[in-house]
Structure formats: C-alpha cells, structure tokens
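> Now for the letters of each chain:
There are 2 protein chains.
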Amino acid sequence: MTKPEPPIAIEAAAAAPRKQASNYPAPFAARVSAREKRPLGDLFGVTNFGVNHTRLAPGGHSALQHRHSKQDEFIYVLEGEPTLVTDTAETQLRPGMCAGFAAGGSAHHLENRTSRDVVILEVGDRSQGDEVFYPDDDVQAVLADDGQWLFTRKNGTPY
Amino acid sequence: MTKPEPPIAIEAAAAAPRKQASNYPAPFAARVSAREKRPLGDLFGVTNFGVNHTRLAPGGHSALQHRHSKQDEFIYVLEGEPTLVTDTAETQLRPGMCAGFAAGGSAHHLENRTSRDVVILEVGDRSQGDEVFYPDDDVQAVLADDGQWLFTRKNGTPY
Numbered sequence: 001m002t003k004p005e006p007p008i009a010i011e012a013a014a015a016a017p018r019k020q021a022s023n024y025p026a027p028f029a030a031r032v033s034a035r036e037k038r039p040l041g042d043l044f045g046v047t048n049f050g051v052n053h054t055r056l057a058p059g060g061h062s063a064l065q066h067r068h069s070k071q072d073e074f075i076y077v078l079e080g081e082p083t084l085v086t087d088t089a090e091t092q093l094r095p096g097m098c099a100g101f102a103a104g105g106s107a108h109h110l111e112n113r114t115s116r117d118v119v120i121l122e123v124g125d126r127s128q129g130d131e132v133f134y135p136d137d138d139v140q141a142v143l144a145d146d147g148q149w150l151f152t153r154k155n156g157t158p159y
Numbered sequence: 001m002t003k004p005e006p007p008i009a010i011e012a013a014a015a016a017p018r019k020q021a022s023n024y025p026a027p028f029a030a031r032v033s034a035r036e037k038r039p040l041g042d043l044f045g046v047t048n049f050g051v052n053h054t055r056l057a058p059g060g061h062s063a064l065q066h067r068h069s070k071q072d073e074f075i076y077v078l079e080g081e082p083t084l085v086t087d088t089a090e091t092q093l094r095p096g097m098c099a100g101f102a103a104g105g106s107a108h109h110l111e112n113r114t115s116r117d118v119v120i121l122e123v124g125d126r127s128q129g130d131e132v133f134y135p136d137d138d139v140q141a142v143l144a145d146d147g148q149w150l151f152t153r154k155n156g157t158p159y
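The listed protein sequences correspond, in order, to chains U and Y. The numbering of the first sequence is my numbering, which starts it at 1 and goes up by one. The numbering of the second sequence is my numbering, which starts it at 1 and goes up by one.
Keep in mind that the hints were calculated from the coordinates and are not lab data. Model, not experiment: these values are computed from the prediction. Ideal Cβ positions, reconstructed from N, Cα and C, are used throughout, including at glycine. The reader is advised that the hints may include incorrect statements.
Unchecked claim - One side only, chain U facing chain Y, incomplete, derived with CB under 10 Å:
no., residue
1, A13
2, A16
3, F133
Said to hold, decoys possible - Chain U side only, calculated, beta carbon under 10 Å to chain Y, not exhaustive:
no., residue
4, V77
5, T88
6, G96
7, F101
8, G124
9, R126
10, G129
11, Y134
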C-alpha cells in the first residue's frame, strides 16, 4: 500500500477532530471535555512538531496546568478571549496575541471564562524523553519510546 | 548578567521585525524584499522550533522555491490571499487555510500576487544537519553547526 498523497492546503477549521478527545486519565479528562483539537500538521506528513486547531467552548480548558521538561510549546489566538494561567499571573488574551512556553519554564494552560468560543493554533515539538509536570494535580506523564504518553500518580502508581 | 524574563504574552503583529531582512545571497535577497518577518517563538525562549509572523506586501515572495532535507515547515494564513507554489500546482489560499511541508517533500513558496498585504504564521523546526534545495535557482544552503546558513552556488563555489 502506498500512503495517500497529502493535500496541498486545507481550511484548518474543517480538518477532522482528533479521534481520542483526551489522553488524560478519567479523573482529569472531564476538565478538557469542552476542548476540540483538530490536528493539522499530521495531515501534511509533518512529524518534527505538531500543530492543532483547538476550539474551547465556554468553560473549556486547554489542558491541566502543566510544563514540559523537553518540549517547547507556542499558542496563537485566532478567536475569542482565553485566560492564560501561568505560575505568576492570569492574563486575558485577545485574537492576534500569542505566547510561548519554553521547556522547563512556567506551567500554563488556557481557560475560556467567556460565553463565546475560543479558537487557538497550538504548536508543540516532539522531543524524545519528554516528561510533564502538573503542579496542581496528582498526575505525571512520561513520553514512552513508542510515542505514547504514560500517566501515573505522583507516587508512580498507575491510574 | 541574568537573561530578561520573557513576556507572558504579546500582540504578534507588534513584535519587532527580524534585524536581518534576509539570509539569502545578494542576487536573491531582492526577491524577498517585500517580506517582513517578526520572530515570535524566540521572544519566549522557545528554541526547538521557530514561529514567525510574516507580512508579504503586494509582489512579495515568502522565500525562493525550496525544500528542506530534515526540517518540516507549516504555514497558516492570517490575512490576504497568497499563492502557494508547489512542484505540481499553484493554489490560491485564503485566511484560515494552512499547509504543511514535510522534509524532503514538494518544494514550495508563497507569492502575494494581489494588491493587499498577506500575513501568515510560519513554523519550522531546527533539526541539525539540514540542507536546502532550490530547484529553480543556482543556490544551495547547509545549516552549519553554529546555526548559521551557508549559501553556495550548486557547484559549491561561494557567493
């Protein structure tokens, strides 16, 4: 079988949503249930980083508060006014604003505290050996060699 | 000296333009003179990939027609209607459209053939040992260990 030719270009908002809504263990998945991620880079065969078109309905969170050990992240606001929660501040963003999260820097996530949808582009690389630290929740994650995230409690016991 | 704290978030269009307008040798730099790149990821200490807010005035080209050997690229159209030139097609894009360019795939660049500015977000990773192939021009580039691009003619002689 040959791989299908990638498209030349697409309408980002019309890309297919990710099949698995969240990788989080059940106790945490509900917190991101108002989030819809549409992977974009994958559609073109891009592998060194991922790009998602991510919609947060009112009340939606982009993720748990977290920081990566090796992977960098970047977001750009396309629509709506998400609140960016970092270690030191809560900052309301507007369309056209962006933020970057260097590995090992401040923990972060976005919340939609408004009554209108938020849409962001989010970029993250795929550095091997990444670990994710969640300051506010009893969960930790490591990126396994097969590319899957392995979640445990902070004492190492599985969910 | 300590490094300044990165900002929490910024207005992308208000970021400082890149100091050096183009890395291209003089014979080719003119072709991208209507291009203005505002590096965004760097401002936040992101190093694994770069993100630029790039404006193409009417007549502007995003780059020479090119493909990378190791680095992936991705673009998202924020404003205007650039023409995406690939190996096989010319495709007019609109705001909200995106395209990805996997390493070793089709060569590509964008041209603004309209009378209005084009603004894109462009993402590229920083894989070491990258080489750039330009199918239409007598130039080639390799990424040196110091992170600088080294341009030569295709016969290896310097510009």
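> Give a verdict on every hint.
Okay, the hints, checked on the actual structure:
1. A13: 6 Å, holds
2. A16: 14 Å, violated
3. F133: Check failed: Cβ of F133 (chain U) comes no nearer than 17 Å to chain Y, outside 10 Å.
4. V77: Interface hint status for V77 (chain U): holds (9 Å vs cutoff 10 Å).
5. T88: Status holds, d = 8 Å.
6. G96: Constraint on G96 (chain U) satisfied, holds at 6 Å.
7. F101: 7 Å, holds
8. G124: Given a least distance of 9 Å, the restraint on G124 (chain U) holds.
9. R126: 9 Å, holds
10. G129: 13 Å, violated
11. Y134: Interface hint status for Y134 (chain U): violated (20 Å vs cutoff 10 Å).
Of the numbered hints given earlier, the model fails hints 2, 3, 10 and 11; all others are met.
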